[in-house]
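Next come the chains, spelled out residue by residue.
Protein chains: 4
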Amino acid sequence: IQTVAFIGIGNMGWPMAANLVKAGFEVTVCDARPGHAARFVTEVGGHAAAGPAEAAKGADCVVTIVPTSTQVADVAALIAPVLSKGTLVVDMTSGQPGKTREIAADLAARGVAMVDAPVSGGVPRAKTGDLAIMVGGEDADLDRADPVLRAMGTSIHRCGSIGAGQAMKALNNLVSAGGFLMGIEALLIGQRFGLDAAKMVDVLNASSGMTNSSQKKFKQYVLSRRFDDGFGLELMVKDLGIALEVGRETNTPTPFSALCRELWAASLTALGPGHNHTASAQLSEKMAGEILGGNK
Amino acid sequence: IQTVAFIGIGNMGWPMAANLVKAGFEVTVCDARPGHAARFVTEVGGHAAAGPAEAAKGADCVVTIVPTSTQVADVAALIAPVLSKGTLVVDMTSGQPGKTREIAADLAARGVAMVDAPVSGGVPRAKTGDLAIMVGGEDADLDRADPVLRAMGTSIHRCGSIGAGQAMKALNNLVSAGGFLMGIEALLIGQRFGLDAAKMVDVLNASSGMTNSSQKKFKQYVLSRRFDDGFGLELMVKDLGIALEVGRETNTPTPFSALCRELWAASLTALGPGHNHTASAQLSEKMAGEILGGNK
Amino acid sequence: IQTVAFIGIGNMGWPMAANLVKAGFEVTVCDARPGHAARFVTEVGGHAAAGPAEAAKGADCVVTIVPTSTQVADVAALIAPVLSKGTLVVDMTSGQPGKTREIAADLAARGVAMVDAPVSGGVPRAKTGDLAIMVGGEDADLDRADPVLRAMGTSIHRCGSIGAGQAMKALNNLVSAGGFLMGIEALLIGQRFGLDAAKMVDVLNASSGMTNSSQKKFKQYVLSRRFDDGFGLELMVKDLGIALEVGRETNTPTPFSALCRELWAASLTALGPGHNHTASAQLSEKMAGEILGGNK
Amino acid sequence: IQTVAFIGIGNMGWPMAANLVKAGFEVTVCDARPGHAARFVTEVGGHAAAGPAEAAKGADCVVTIVPTSTQVADVAALIAPVLSKGTLVVDMTSGQPGKTREIAADLAARGVAMVDAPVSGGVPRAKTGDLAIMVGGEDADLDRADPVLRAMGTSIHRCGSIGAGQAMKALNNLVSAGGFLMGIEALLIGQRFGLDAAKMVDVLNASSGMTNSSQKKFKQYVLSRRFDDGFGLELMVKDLGIALEVGRETNTPTPFSALCRELWAASLTALGPGHNHTASAQLSEKMAGEILGGNK
Ligand SMILES: NC(=O)C1=CN([C@@H]2O[C@H](COP(=O)(O)OP(=O)(O)OC[C@H]3O[C@@H](n4cnc5c(N)ncnc54)[C@H](OP(=O)(O)O)[C@@H]3O)[C@@H](O)[C@H]2O)C=CC1
Ligand SMILES: NC(=O)C1=CN([C@@H]2O[C@H](COP(=O)(O)OP(=O)(O)OC[C@H]3O[C@@H](n4cnc5c(N)ncnc54)[C@H](OP(=O)(O)O)[C@@H]3O)[C@@H](O)[C@H]2O)C=CC1
Ligand SMILES: NC(=O)C1=CN([C@@H]2O[C@H](COP(=O)(O)OP(=O)(O)OC[C@H]3O[C@@H](n4cnc5c(N)ncnc54)[C@H](OP(=O)(O)O)[C@@H]3O)[C@@H](O)[C@H]2O)C=CC1
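Taken in sequence, the protein lines are chains A, B, C and D. For the first sequence, the residue numbers in our numbering are 1179 to 1474. For the second sequence, the residue numbers in our numbering are 1179 to 1474. For the third sequence, the residue numbers in our numbering are 1179 to 1474. For the fourth sequence, the residue numbers in our numbering are 1179 to 1474.
Derived from the structure by calculation, the hints contain no laboratory data. Heads up, a few of these hints could be off.
Put simply, identical chains are the same to the list, so a pair is met inside one copy or across any two.
[Said to hold, decoys possible] No more than 20 Å apart at the CA atoms, straight line, and that leaves these computed lysine to any residue pairs for SDA-like: (1) K1464 / N1454; (2) K1416 / V1301; (3) K1397 / I1469; (4) K1464 / T1428; (5) K1200 / N1454; (6) K1464 / L1449; (7) K1235 / V1219; (8) K1277 / P1245; (9) K1277 / T1248.
Every value quoted in this text rests on a predicted model; they were computed, and no experiment measured them.
Make the full structure from the sequences, and use the hints.
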């Protein structure tokens, strides 16, 4: 793979595409925001295309990283006619496995292979090329994608057939969201009892109550009232929706997960758009009648 | 503090009392099981007493570690008449903060101070004297208790006034139980989708879905179908009951925690007594229609 | 039974005691509010006592109807010394079965029988003597209580031994609260879909979705935004707490009920004190992002 | 409307089509089960067609009542080419509003109107022509459908535009399922406390805990252990899935409903296929450790 069409140069896509340029790939970018691709060429390098079809024409590999699978489907419809047999599509969106499989089947009918490769690590690790990447697809296709992915991430987890990377990513975020919510409720009970919330976080971290959230989020973004770790509430709720959708599609009743998604979705509704995902603590606070941290 | 009465030499109490003997305290043990105290003297050392009152008479410090606060109250009623002013009672049971505060108030009326000091780490760390101890009480009393506690544990977390150690311990276990349950449901969804559960655990551990359970329990005790980490399901359900009781007593509505407790309690009912707490995964499996791990 | 001591002449107790006077019983009332008993005598008749003990002295029957079992226990402690063997205590508080059983056991030790007889129907039916009464206790005691109860209510349901009336009442309110909450959520989904909420209520009432709430509450108190059916949110949350307490005491895990209680309790926390129970719809509305009824 | 093509003569469709024949419509039936349409002609009358397209050709109106919207879409694809402008499609399946709207849009592009008209009342009222029918669509189309519908049902509720009848039906079943589950849990708590479950049902029915389930299902199908009211568990779980899907599509977080669906779905998983919907009580019984009714 030498030439890469890169569709979607948003918060994540921009630094990831930049790493591809740096790694020596011949990159043509495009984005829905007018003028954005041209800015990328000026600031970073590579080529700009007016739209996905123009970008994809003649490319060995097309990378997509757009908000949801809905946009991926739009892009796929546009590029399908111009892709030559043997092109590899790498969807790095945190998308829906079911939709992704449909898109992949359509492309396969044209002799175009697709893999999914959603990422973990946020903007900082996108910049340093240090992302964790969960991939799904045929081994041969994943082998082909490997040099491209290694320019953007350091750990690459093969999860199974197409869509498996996205399922894994959504389920990971479900577990993350559940641990966050449970920890917040426990902090609220404890604080109302008279415990110090920051002290509680220390004890959790030294005990069986340790989670990624107790280590990296509670003090930093909740008790500090900063609520700004860079991962949006809408995106988390979208990912929980995907996780539960996988549960429904596989007929897997999971009461605890269902309540988890619903409370996160309720926090988005109650808070409105544009908040960080850690701000969801505020719905729990409202129900518990207690504000975590100093400014009670 | 030189002389210690040690009430309750069960799975945890025996090795903890043994560490006190080793540390040079003059220890008198007693236990509800007939002949148990005598066995301790033969095998470990110290003195045996026929009952709590006999053991406590003249002791500088009385340690209790019995199943629940109900037994602590029984013991307190027996020993109260024989305790001299200035004796220190150290309750290491994973008990109920509310009941503990009542017991402490009764003792305080007789000039006897009490602190609570539940432990974390299980039998292995009880043996090595390596327990984490969460303590509640007056600072002066905790200072006095310190040498005794340091003979049994390495990290001592001061959580607040009497009962605070027990509240902290119960809330820690709530977070632990929530992370376990959420992870199990995610593994079930993933496996039905086609992901490999062991692989999923690896990815969780490398991502934001990491919890104490993903690190120490899922592969070891669930996927292996061993279900034998040494912490009983009844004890976990008891602790969740305490956590939620603290929630009720402090008027802290917490929907996610409430469902968590109820599903754990339901798993105890469905499985019956005598199971390891990790076996609770089996109720989730029944509801999801999927068995985790090899023997599907 | 000829002479009745009536403890607690609040919103419910006043009209109930008045019906006893009307029925020809010799009634002595007392109340925690100073001067209240005297007012009753002036306006209704009977006798006033300075406190429970004075009222109860020599009475054939003592009726209690106070906020919670905590106050019943206080009253019982005051009157126990003055009750003669054979007196009958009739507790009409919506109380806690467990506490009631303790109180009854204490009184039984003095030869005093007790029955519980919580009521349903609110102030209107208290005035008309038309209450539904759920009773618990020994049949012989319930036979004795019968003339007294029939002066206040029309349907009397014998539920079992002491505390059974209170358990039944709390569980009835649990079912009622669950039907209310479920109906509100369904109306919210429907309205956001584009259905008319009032129309929906009509269809529910004609179909399997019919509940007491769809018949008597949704249009009347929620869609109208009046929220004033006369039953307070605090009282509903208290009753749900009792229902779930019975569940815990009997080791009966019930996930759906647990979430129901928690969401009702959360609505009380979020709304604050002094609201009607139907106002709990407002927490559901907040989470759903939709206001039911006209003023959207 | 004179000629009607009737697609799907299963448990519900057969008696409904029979009522159309009786009412004088010229009915052509077809069904996926081989020989079924011929049997209908022999036993009831009308005409048989080999498939949907043959049945629909030249019909004024096409009625569909098949298991789910998936089959409706299949049928629509088959009949679309043969329908003449002005034909009316009446989908009486308990289907998914979203899918139905898509199907209706496709048909509209060919000048074919569609209304949805799911029913309530079960097989008995299908036989007596006494169904309740919830309809969605344009008023003019509903006017046209009216004579056809009145041959099958007595109360017709206009709910809004296309899909609205199905949304209403699914939400009605959600409320019904919630009332059922809540009542079962309350009966379980009560019975473990010592109350008589049948007695409890009587009290609920006389109080605010009354629901359609307490009136028509608990004694008849649960306490009797008959579990055979004629409405399958799979169908209920399907309907709950539709209700929650409407919730998701309209961005309406509803935690209580989500848990309700999940527990019903879990009961289907735990029991396996082929059970009556009232048998879902058995999962609650398993979690509560108690069997309702006589044979404990
Ligand atoms: N932000 C984070 O921390 C993380 C994000 N992710 C996931 O990565 C994905 C992208 O996230 P992020 O970069 O933050 O999102 P952004 O919204 O910042 O970027 C998406 C970009 O794609 C463009 N776009 C949308 N539709 C099209 C289209 N049809 N053709 C071409 N371009 C299009 C958007 O333009 P416009 O704005 O005009 O719509 C935008 O510039 C999401 O799935 C997210 O869940 C994963 C891990 C972490
Ligand atoms: N096991 C573990 O991994 C952990 C346990 N804990 C907590 O520590 C506490 C003790 O647990 P564990 O040691 O496992 O329990 P055990 O049941 O093994 O030991 C309790 C001992 O106390 C005795 N006892 C009970 N009542 C009395 C009484 N009134 N007077 C004197 N002795 C009495 C019991 O005797 P008998 O058996 O005859 O009743 C038994 O020997 C519990 O609160 C538990 O939750 C905390 C962390 C980890
Ligand atoms: N049963 C009840 O009490 C109630 C049911 N409903 C709803 O009514 C609908 C029908 O239920 P019910 O009658 O019980 O279900 P049945 O399964 O008894 O009947 C459905 C019939 O449709 C046939 N069918 C399936 N696909 C096609 C197709 N593509 N073309 C032609 N025929 C087809 C089936 O054949 P085959 O068996 O070969 O697949 C079957 O004979 C469902 O949506 C249900 O939820 C609503 C209210 C009450």
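Cross-check of the supplied hints:
no.: 1; hint: K1464 / N1454; verdict: both (17 Å within a copy, 19 Å between copies)
no.: 2; hint: K1416 / V1301; verdict: within (18 Å within a copy, 41 Å between copies)
no.: 3; hint: K1397 / I1469; verdict: within (14 Å within a copy, 35 Å between copies)
no.: 4; hint: K1464 / T1428; verdict: between (35 Å within a copy, 15 Å between copies)
no.: 5; hint: K1200 / N1454; verdict: neither (31 Å within a copy, 53 Å between copies)
no.: 6; hint: K1464 / L1449; verdict: both (11 Å within a copy, 9 Å between copies)
no.: 7; hint: K1235 / V1219; verdict: within (18 Å within a copy, 59 Å between copies)
no.: 8; hint: K1277 / P1245; verdict: within (14 Å within a copy, 24 Å between copies)
no.: 9; hint: K1277 / T1248; verdict: both (8 Å within a copy, 17 Å between copies)
Consistency with the previously given hints fails for number 5 only.
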